[in-house]
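Asks: The listed protein sequences derive, respectively, from chains A and B.
What the first sequence shows, in the numbering used here, is residues 150 to 626, in sequence order.
What the second sequence shows, in the numbering used here, is residues 148 to 457, in sequence order.
Since the hints were made in silico from the structure, they are not lab data.
Glycine included, every Cβ here is placed at the ideal spot set by N, Cα and C.
Any given hint could turn out to be false.
20 Å max Cα-Cα, derived DMTMM-like pairs, lysine to aspartate or glutamate [said to hold, decoys possible]: (1) A:Lys187 / B:Asp252; (2) B:Lys344 / B:Glu360; (3) A:Lys564 / B:Asp198; (4) B:Lys368 / A:Glu195; (5) B:Lys258 / A:Asp232.
Computed spacing ranges between beta-carbons, pair by pair [to be verified]: (6) B:Ile184 / A:Thr535: 22 to 32 Å; (7) B:Asp413 / A:Pro284: 36 to 46 Å; (8) A:Ile514 / B:Gly212: 55 to 65 Å; (9) A:Lys563 / B:Gln203: 11 to 21 Å; (10) B:Tyr200 / A:Val153: 52 to 62 Å; (11) A:Leu520 / B:Lys290: 52 to 62 Å; (12) B:Gly164 / A:Val153: 23 to 33 Å; (13) B:Phe191 / A:Asp416: 46 to 56 Å.
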Amino acid sequence: MDSVVFFYQYLVYFYAISLISINLFLAVLGYINIRKKKVKYTESEESLFTDNAESAPGISIVTPAFNEEVIVVENVKSMLNLDYPTFELLVINDGSKDRTLDLLIEHFELSEVPLEYSYKVRCQTVKRIFKSTNPEFHRLTVIDKVNGGTKADAMNAGVNYIKYDYFINTDVDCILSPDTLKKVILPVLDSKVPVIAVGATMRMVNGCEVEDGVITRVKPPTRFVPTFQETEYLRSYLVTKMGWSSLNAIPNVSGGFGLFKSRLVIDVGGFDPLSHAEDMDITTRMVAHMRQKGEKYKIDQIADTCCWTEGPSNLEVLRRQRTRWGRGLMQIFVVHRKLLFNRHYGRLGMLVLPYSFFFEFLAPIIEASGLIFLIYLLITQQVNFTTFWLMLLFVYFIGLTISMITLTLDLSVKKQYKNFTEYLRLALFSSLEAFLYHPFVVFFSITGYVQFFTRKTFKWGAMTREGYARPIKSTKV
Amino acid sequence: MDRINFYFQFLNSEFAGFPMLVRITVIVITLVAIIYISSVIRLFYLRNKIDKYSRQLYNIRNKYGLAIKDIICNPLNLDKAKIGGIMNITENDNKMNWQKNIFTDLVLGLKEQLSSECLNKDNYLNLIEILRLEEYWEKEISKGSVNRKIEGIRKLNELTDNVITGVVAPYLYHRNDGLQKIARNVYLKFEKVDAFKFLLDKKSESDFNRLDEIKLHSSFKKKAEDNELPLLTEWIENSENINFKLFLIREIAYFHQNESTPYLADLLERSTNSLLKTEITKTLNVLNYDEVSSNLSSQLKQYNKSLQYK
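Assemble the whole structure, with the sequences as input and the hints as a guide.
Replies: This is the structure we're talking about:
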């Protein structure tokens with residue numbers, strides 16, 4: 150038993166050292182990448198699209214909507230006002246039972262057009278297509294379809310109808326920054342290697358002031374759960390993904406916001422409606438496809454905040470989100486297990502998936518087992534408390550430092566919050582994250598893993614919408 | 148000093164007595180603590196830098212904003228002396244560098260805002276001369292770091308319609324790709340004598356991407372406005388990069404270079420590349436070249452769908 154204890158302690162210790170080293174390394178790479186992009190891509194490059202509209206490549210935006218009457222009109226208005234000369238907006242009404250479609254028809258003067266639709270990728274039946282009779286909304290198309298049970302199915306319905314080489318996959322609760330399209334297309338154009346996807350930073354809209362679908366004042370959330378998520382998201386985008394982007398090894402482009410190459414998404418069969426992590430799944434399949442074809446590719450990440458999303462406002466909604474993510478992550482390693490440690494898949498097989506497996510998938514399991522192990526050691530009076538406090542300080546300090554680095558990176562990209570105290574508030578919350586938030590994330594993730602094996606049917610977890618301006622009666626499905 | 152030495156030795160001996168892992172942990176914690184403190188300092192430093200800039204911009208906008216707007220929007224042409232009077236500065240005023248940075252941003256912001264409404268170009272050019280903004284950025288380009296040079300060239304390009312190409316000439320072959328590209332772009336846009344000498348440069352061609360296309364298109368537009376855009380066919384023949392050729396052919400259509408039609412018709416006959424043939428056909432169609440349809444109908448069956456169905 151002593152040797153087991155000895156081995157386990159060292160294993161966890163070196164696991165922590167590895168995780169810390171990787172995170173610090175990614176933070177350095179992320180910092181260099183952010184600085185490089187700040188010099189390369191400025192308003193000067195963005196203005197090229199407005200000054201040379203005839204040369205600006207078209208972009209499609211696909212946004213599914215299921216029972217989103219609370220925010221759909223605001224969201225669509227906001228997207229139609231994006232500052233870019235050539236784009237189309239496809240809203241997929243995924244069999245909503247509320248007034249989502251009616252509100253869209255009313256507000257945007259929609260009328261039904263001939264159903265000229267081809268199923269390049271599988272999805273549930275498309276019933277009707279609507280376009281606006283008002284020239285002001287000429288960019289808008291609404292596709293009404295039978296509910297497919299998942300966002301992926303709705304996305305596929307949109308992918309079948311897009312007309313441009315690149316499309317943005319976003320959620321209906323997301324507010325996009327007006328200059329989003331200009332920012333996100335730049336890395337695609339400024340590359341000799343085909344760029345198959347681009348991600349950007351996402352933030353919580355929960356505390357922001359929003360008028361007519363436009364954010365007038367960016368603020369961090371006021372409630373506990375989304376505030377913790379704000380820093381968590383920023384860490385993921387500005388440190389992890391910006392770092393991995395330098396190595397062309399981004400594990401996934403977020404489902405909340407991502408730019409994808411249309412043809413490639415179709416070639417890999419579209420989004421998987423059975424997947425609970427359809428963003429990581431599609432990214433993995435796209436990369437695997439390029440590797441199989443022997444073609445070069447690039448997945449890029451920009452540091453700018455392009456998308457604000459409504460985050461879970463309480464633990465129950467967080468639980469639904471994180472158990473789904475847990476099921477999704479488990480599913481990735483089951484479905485794509487042949488890619489793991491497979492050198493034929495290059496960086497994907499030998500770096501991206503192994504990293505995700507050891508340091509994202511296994512992390513909650515190791516943390517939970519560490520806690521159980523600690524309880525055992527306490528019961529058997531084998532704990533050296535000096536060493537215990539030292540190790541706790543070690544792990545806590547790392548998390549705190551990465552969060553502080555994240556906030557400095559965020560401020561170096563752009564000062565989003567008006568008051569500096571709002572940054573300090575995030576710094577304070579990051580100091581409490583390890584005790585008040587992270588344990589729930591670990592528990593919910595493990596629950597998700599268990600659910601993957603034990604539950605027969607899953608439903609796409611309903612997001613309880615509260616709207617932006619003030620809390621109103623939520624529409625629970 | 149002895150006391151400090153004593154405590155140092157004491158801590159050192161205590162430290163040496165710990166197990167290896169504990170020592171590693173202590174060292175890592177120390178390093179991480181240094182990084183943490185540095186990050187906190189940097190957070191405050193960035194805040195101060197951003198707030199300082201905002202304050203300076205606010206103050207300068209308050210003091211000069213309305214005057215600049217009046218000058219730029221004035222329907223009457225004002226000479227430098229009058230502009231100086233309105234701004235209460237003379238041409239010899241040597242404003243501090245930070246003010247020139249702010250003035251540049253302020254002037255460019257107002258120029259963009261007012262360009263579609265009431266921009267008086269002569270007044271605007273006189274204003275930036277009084278403020279000596281071009282001179283400032285030319286100095287920054289010659290003395291600054293690579294990033295500062297890139298920023299300087301960008302600012303000059305936005306500020307004026309007449310950049311002195313000698314300012315960017317030293318960087319046309321710079322080893323930094325970003326600096327080289329932006330210098331060449333600006334050179335092409337503003338040089339009068341041999342503006343297009345880089346179009347067949349091997350490096351430019353091999354690095355050519357879609358963003359370069361848009362930048363080059365923008366420069367071509369400026370040249371066309373000044374009636375200085377030559378026939379682009381010269382570079383199609385000598386280029387080895389198919390994407391570059393396709394771009395030039397599209398540009399011929401955009402700028403309606405009708406004189407190119409015989410060359411393009413001949414290239415259509417000679418070429419075996421279907422992408423090239425597709426693009427040439429589209430361009431000849433835009434240029435209303437009647438003979439293209441008879442040529443094509445005899446060749447149509449030989450080529451793939453992209454040509455057949457375009």
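Asks: Each hint should be assessed against the structure and marked as holding or not.
Replies: Against the structure, the hints come out as follows:
| no. | hint | verdict |
| --- | --- | --- |
| 1 | A:Lys187 / B:Asp252 | holds, 17 Å |
| 2 | B:Lys344 / B:Glu360 | holds, 16 Å |
| 3 | A:Lys564 / B:Asp198 | holds, 10 Å |
| 4 | B:Lys368 / A:Glu195 | holds, 17 Å |
| 5 | B:Lys258 / A:Asp232 | holds, 19 Å |
| 6 | B:Ile184 / A:Thr535: 22 to 32 Å | holds, 24 Å |
| 7 | B:Asp413 / A:Pro284: 36 to 46 Å | holds, 43 Å |
| 8 | A:Ile514 / B:Gly212: 55 to 65 Å | holds, 60 Å |
| 9 | A:Lys563 / B:Gln203: 11 to 21 Å | holds, 18 Å |
| 10 | B:Tyr200 / A:Val153: 52 to 62 Å | holds, 59 Å |
| 11 | A:Leu520 / B:Lys290: 52 to 62 Å | holds, 59 Å |
| 12 | B:Gly164 / A:Val153: 23 to 33 Å | holds, 27 Å |
| 13 | B:Phe191 / A:Asp416: 46 to 56 Å | holds, 50 Å |
Checked against the numbered hints given earlier, the structure satisfies every one of them.
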